[in-house]
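**Student:** Sequence:
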Amino acid sequence: MAAETATSLKRGLAILLALEGGELGVTRIAELVAREKSQVSRSLKVLAEQGLVERDPATLAYRLGWRLFALAAAAGNQRLVAAAPARLRELVRSFGEGAHLSVLQGSGVLTVASESPPHAVQAVGWVGRIVPAGCTSAGYALLSDHDRRDLASFMPDAAFRRKHPQAPQSADELCERLLAARARGYALANEEFEPGLVAVAAPVRDFQGRIVAAVNVSAPSFRFALRLDEAGAQVRTVADDLSRALGWESKRRAQDASQSASMLA
1 MAAETATSLK RGLAILLALE GGELGVTRIA ELVAREKSQV SRSLKVLAEQ
51 GLVERDPATL AYRLGWRLFA LAAAAGNQRL VAAAPARLRE LVRSFGEGAH
101 LSVLQGSGVL TVASESPPHA VQAVGWVGRI VPAGCTSAGY ALLSDHDRRD
151 LASFMPDAAF RRKHPQAPQS ADELCERLLA ARARGYALAN EEFEPGLVAV
201 AAPVRDFQGR IVAAVNVSAP SFRFALRLDE AGAQVRTVAD DLSRALGWES
251 KRRAQDASQS ASMLA
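Everything in the sequence shown is counted per the working numbering, starting at 1 for the first residue and increasing by one.
Quick list of the computed label-pair ranges, beta carbon to beta carbon:
| no. | residue 1 | residue 2 | range |
| --- | --- | --- | --- |
| 1 | Q50 | D172 | 45 to 51 Å |
| 2 | R55 | P117 | 53 to 59 Å |
| 3 | I130 | P195 | 15 to 21 Å |
| 4 | E230 | L71 | 34 to 40 Å |
Calculated from the structure, these hints are not laboratory results.
Where is the CB? At the ideal position from N, CA and C, for every residue including glycine.
Given the sequences, and given the hints that come with them, work out the whole structure.
**Tutor:** Written as structure tokens, this is what we have:
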């Protein structure tokens, strides 16, 4: 019985791996996993019952199911939370400034992890704090895949008028900041959220290439302004490493560059 169960499990895993490249019919799946078509059909039925595969009613082909993506997303969140603190501490050691991990929360940015240098004196911590996405480096990084249409619906122009004068005053202006961030590989905020405060940030992507978080370093302008490019490059490296831990492939970066120009249209 145990041997039969192990064989069934291996067959199911082989089928899931075969579907990694897209939809396939039963016959093709059977060829790829070197199993009888009847065996593959039975395995597909069990996998479909658990939501691990889905069958297209029109083509009758199978594809990976919603539950598999949900499991992958949950695993990614756990890996990110586990891996981020050590990488944030690396940034703190490199620059002597606070480093943070943030996620998008509505039209704001929520800090979920933060590391500070030993000498730091903070009246208010960043963890749990929500700040506007439209005037912060982390917000620019988190929104960097949005185009003009997305931004116009996500943050109407009226939402910008209460921000600091250095911050974008419209969706069009914000889009220009995002284009610059995409071309550079990291986002910059120069006294746009708060006078005297500068920051850099880079996006963290999941296994599907979606932006799920941002890594950023922020500090007073008088001691950090001359290190922004250096910090931006290192923040990008950390964000890319975290992305790879979530299954993101670096080939996505080449696609990002070609997509940046289309956002101007």
